[in-house]
Amino acid sequence: MIGCLRNSRWLPLHVLLGVVFLSGLCTAALNSVAYQWNFDAVWGYREKLLTGWGVTIGLAVASLFLSTFFGLLCALMRRSQWMPFRASAIVYTELIRSTPLLVQILLLYYGVAQAVGLNNRYVAGVVILSLFAGAYISEIIRAGIEGIPRTQIESARSLGFTPVQTYRFVILPQALRQILPPMTGQFISLIKDSSLLMIIGVQEFTQSAREVNSYTYSTLESYLPLALGYLFLTLPLSILAHGLEKRMRYGS
Amino acid sequence: MDLEIRNLRLALGGKDILKGMELPPVSANIVALIGPSGGGKSTLLRVWGGLLTPDAGEVILDGESLPRKEKELRAYRRHMGMVFQNWNLFYHLSALENLVLPLTRVHGFSVADAESKTLALLERFQLADHAHKKPHQLSGGQQQRVAILRALSVEPRCLLLDEPTSALDPEMAAQVLEMIEEVAGQGTPVILVTHHLAFARRVSDMILFLADGQITEFCSSEEFFKQPETEACQRFLDTVLRM
Chain A
1 MIGCLRNSRW LPLHVLLGVV FLSGLCTAAL NSVAYQWNFD AVWGYREKLL
51 TGWGVTIGLA VASLFLSTFF GLLCALMRRS QWMPFRASAI VYTELIRSTP
101 LLVQILLLYY GVAQAVGLNN RYVAGVVILS LFAGAYISEI IRAGIEGIPR
151 TQIESARSLG FTPVQTYRFV ILPQALRQIL PPMTGQFISL IKDSSLLMII
201 GVQEFTQSAR EVNSYTYSTL ESYLPLALGY LFLTLPLSIL AHGLEKRMRY
251 GS
Chain B
1001 MDLEIRNLRL ALGGKDILKG MELPPVSANI VALIGPSGGG KSTLLRVWGG
1051 LLTPDAGEVI LDGESLPRKE KELRAYRRHM GMVFQNWNLF YHLSALENLV
1101 LPLTRVHGFS VADAESKTLA LLERFQLADH AHKKPHQLSG GQQQRVAILR
1151 ALSVEPRCLL LDEPTSALDP EMAAQVLEMI EEVAGQGTPV ILVTHHLAFA
1201 RRVSDMILFL ADGQITEFCS SEEFFKQPET EACQRFLDTV LRM
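For the record, the sequence lines run as chains A and B. For the first sequence, this note's numbering assigns the number 1 to the initial residue and increments by one for each residue that follows. For the second sequence, this note's numbering assigns the number 1001 to the initial residue and increments by one for each residue that follows.
By construction, these hints were calculated from the structure, which means they are not laboratory data. Just so you know, these numbers come straight off a predicted model, no measurement behind them. Heads up, the beta-carbon is just placed ideally off N, CA and C, and yes, glycines get one too. Among these hints, one or two may not hold up.
[Said to hold, decoys possible] Not everything, but these chain B residues come out facing chain A in the computed CB check (under 8 angstroms):
1. L1051
2. R1078
3. M1082
4. N1086
5. W1087
6. F1090
7. R1105
8. V1106
9. G1108
10. S1110
[To be verified] Covered, in the sense of this in silico footprint (three residues per stretch, anywhere, with C-beta under 8 angstroms from a C-beta of chain B), are these stretches of chain A:
11. 169 to 177
12. 228 to 239
Produce the complete structure using the sequences and hints provided.
Okay, here's the thing in structure tokens:
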């Protein structure tokens, strides 16, 4: 059994030991404050939690695609020959990266979204979240493109490729290998950051847990499923990122 | 192959690299560019390859002036075979795919035709066993040989080699040089930048000596090595040959 675990790729022995150790620590801490568990009250609201979890998945998946689009667009603009493109891309990334997401959500939702008549808070939420993640993704993509040796691009030019062909057949496939692992990390953040959308009234996972807490006064019982729910989404991505990092590395 | 250069000027990053370079009409099949680093050899080769457009002057190849518009330059580049010092092969593609991609996407071959042409070429140069390997699974010498084949596969007007062996150890360099010699012997014109003077002497029929953005000497390789005209050239040969 132990040997089998040691050889397993996804659950090495040291991970298991870590889990046992940390859960022991948590149990000890809770015992010392003599916490009275009451999962029954929370169980009654399981549907609410599940719906919230579903909404979070929906927000994350939609933002995943939109933020990748924003990120790619911004990275290409940043590499453009035309100065106004480059300048706006720089202003966008710097503004987004140097202000808190919370402030962006409030300003963009109550300011910009309302002004342009975008009243659906879910759609607005996805757009705002994607604008936020897009800035980081554009930097990841840019680093991926800039990491490609110059001669690769020169070779493509010398073979008579058009710029579009150079991007399609050389730059993007190569950059993708550099980009995928950090990008997966970015998506993990995206999933967790989506919880902030509750401040504009999006009924997502965290908001559901908060409401369940206020109905039942069972704080830990409400937030424990919350942690597990996020972990259930992010842990596979973490493992994926780890695997990708190994696989995408070139034997140089 | 007929070459001619008139008052060629080119600055890169605000620095003058080619400073009014002149070459009267000459005819040669294998041309070696030699000279101290920073003299403009690689830059001149990139101009011939259509990768850099001169700021002024004219470069004439086989009686035609090199185009200046990007679209015409791209068409021109399709018929020049360029090989750099390293990182030539697209490293996400196998050797075979590296050769097939330009044939199908740029030269309009069907995939089947491109593959059979490519395999025949790899076979001829004893590289068929490596057809499905990615560049990182090949030795540096094999990578360069595949890169030369990729340049050859489009049947270029001229093969341009920019220090193709300088990133290799002597044994691998020898294999690559051997291949270049074979290719040159079969009639494809070659212009190469090299530090292998013995090789340049044996293979080339014309030497261009570049220093400080000028062609300071051009003559048959035989004459060149017997008696270089300028002092700079003499000094260069002395230093290099002493090693």
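Consistency of the hints with the structure:
no.	hint	verdict
1	L1051	holds (6 angstroms)
2	R1078	holds (3 angstroms)
3	M1082	holds (4 angstroms)
4	N1086	holds (7 angstroms)
5	W1087	holds (4 angstroms)
6	F1090	holds (6 angstroms)
7	R1105	holds (6 angstroms)
8	V1106	holds (5 angstroms)
9	G1108	violated (12 angstroms)
10	S1110	violated (17 angstroms)
11	169 to 177	holds (count 5)
12	228 to 239	violated (count 0)
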